[in-house]
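Start from the sequences, fold in the hints, and give me the full structure.
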Amino acid sequence: MQIQFEHAQSAHCENGVTTNLLRHSGMSKITEPLAFGIGSGLFYIQIPFLKVNNAPAFSYRTMPGLIFKRTCKSLGIPVERKKFSSPEKAEQVLNDCLQSGQPVGCQVGVYYLTYFPKEYRFHFNAHNLVVYGKENGSYLISDPVMETVTSLSGPELQRVRFAKGALAPRGQLYYPKHKVDITDDAIRKAIVKGIKRNSRDMLHIPASVVGIRGIKYTANKILKWREQLGVKTAGSYLAQLVRMQEEIGTGGGGFRFIYGAFLQQAYTFIPKDELLKISEQFTKAGDVWRSSAVQAAGIFKGRITSEKDFQDMAGYLFEVAEIERQAFKALEKIKW
Amino acid sequence: MKKSEIPQDKSLLEGFTREVDYAVDESGKYTSVLSSGWEVKTSALDLAWDDIKLRVKEAEEKVRSGQASPVLFFMELRLMDPGILAAYTGYWQWQVKRHMKANVFNKLSDKKLQKYADLFEIKLEELKNPFAK
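For the protein sequence lines, the chains are A and B, in the order given.
So the first sequence is numbered by this note's numbering: it starts at 573 and just counts up by one.
So the second sequence is numbered by this note's numbering: it starts at 190 and just counts up by one.
Incorrect hints may appear among the rest.
Here are the simulated lysine-lysine pairs, BS3-like style, with alpha carbons at most 30 Å apart [stated by the list, open to error]: (1) K654(A) / K706(A); (2) K765(A) / K623(A); (3) K251(B) / K623(A); (4) K873(A) / K304(B); (5) K690(A) / K199(B); (6) K192(B) / K623(A); (7) K690(A) / K322(B); (8) K873(A) / K191(B); (9) K768(A) / K804(A); (10) K246(B) / K804(A); (11) K218(B) / K849(A); (12) K192(B) / K849(A); (13) K304(B) / K623(A); (14) K218(B) / K641(A); (15) K654(A) / K768(A).
Honestly, the hints are just simulated from the structure, not real lab data.
See below:
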């Protein structure tokens, strides 16, 4: 059984799954940047109390699952989402969906994902893909970060759906319940809502490790790392900062560029010149994130390791924080 | 980032996939472009693997000198941590941590050890004598 499903590659997995599932349900105007923006995907957090690979953990986008949830909700699309305690039941429900012609989004762990390069397979459990059919005992997979579709055997799919540890997917699957005709007006409203919510998340959450404050928080930490941790460990921490900017497909402040693209596409629905100007600010923010990654690489490769180099590193983050603060302030001021 | 600046460096993705980057074209309009990888990013990933290899080596030394049990060695080898071990085996984290002590490990029954062997995808023998080869 194979469902006619169009695989479009995307920069980020959850954006891609959201976009492809919605397009499959007839919402042909949805693109990756629109899904990301409507879902208020842009974020920053230095996650407290959590160490990944013995270094602090950072995230440049919102919590796993939220982009799909918020995008569908804002567009008025009802969503089915299920978690399972029993793997057998999870497989049964998946098969039933496929049988009825419904492609399904699944949260999976990356460590046992056989078609990924080995070097990328860490115990990261918030990856997303679409299952769109079953043939000769193999499940047909549309993984949005892959150029082409692929497949997994039944046991392979079960294993990644029931990966364990932090953010364990517990077989989680989700899909839009039924087709909804989305008007341009509904998209306009969803865009405005997405922008307002994203401005709030980045500017006004009263926690020191989150949003613009969070970027500054990390910058202030970096200023102390060299003395506190020594050059080697500080280098590993910085590599982590880069690596987490840099999951497959989000290349160098990549989420900032997607947000820039979102604002340009938002302009085609709501022709306000501010959107284009602010889009340029996000391009600039993405560029500075990239420069910070280059600086970090200089440090962790041991090429530049003086106190001044760490100050410059922190300087890039302070610069990013200021650009993004101004950009979101400007978005907040738009009269819709 | 301009479209013309999108890096096309060699990376570990080669032969698997390329990645989508968003960038602006000459007229300032955003488009998406495929990239084979970025050297900066590859070096960050390389460093993560250097760190892992170092931890595996340190774990091996600890096991060889009797300071730790093979559970520690295979945990590092499989990029896991005590939380992940506990989640997969069904033991509590404090139990997992105890099992990493050589003297505790040596008294564990084969039945208990089998859970670790299954998780690490090795034979029981290899779990007991990881460096036999």
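For each hint, the structure was consulted:
Our distance criterion of 30 Å between C-alpha atoms is met by K654(A) and K706(A), whose separation comes to about 20 Å. Under the criterion of a C-alpha separation no larger than 30 Å, the hint pairing K765(A) with K623(A) is inconsistent with the structure, at around 33 Å. Of the supplied pair hints, the one linking K251(B) and K623(A) holds, its CA atoms being roughly 23 Å apart against a limit of 30 Å. Between K873(A) and K304(B) the CA atoms are separated by roughly 39 Å; this puts the pair beyond 30 Å, and the hint is violated.
For a cut-off of 30 Å, the pair hint linking K690(A) to K199(B) stands: about 16 Å separates their Cα positions. Our distance criterion of 30 Å between C-alpha atoms is broken by K192(B) and K623(A), whose separation comes to about 35 Å. Simply put, K690(A) and K322(B) have alpha-carbon atoms about 24 Å apart, close enough for the 30 Å limit, and the pair holds. Between K873(A) and K191(B), the direct Cα distance comes to roughly 26 Å. Compliance with the 30 Å bound is thereby established for this hinted pair.
Restraint check for K768(A) and K804(A): the C-alpha separation of about 41 Å exceeds 30 Å, so the hint is violated. For the hint linking K246(B) to K804(A), the alpha-carbon distance of about 17 Å falls within 30 Å, and the restraint holds. At roughly 12 Å between alpha-carbon atoms, K218(B) and K849(A) fall within 30 Å of each other, so this suggested pair holds. Only pairs whose Cα atoms come within 30 Å are accepted, and K192(B) paired with K849(A) is accepted, the gap being roughly 19 Å.
For the given pair, K304(B) sits about 26 Å from K623(A) by alpha-carbon distance, which is consistent with the 30 Å threshold. Using a Cα cut-off of 30 Å, the hinted pair K218(B) and K641(A) holds, with the two alpha carbons roughly 29 Å apart. With a C-alpha separation of about 29 Å, the suggested pair K654(A) and K768(A) falls inside the 30 Å cut-off, and the hint holds.
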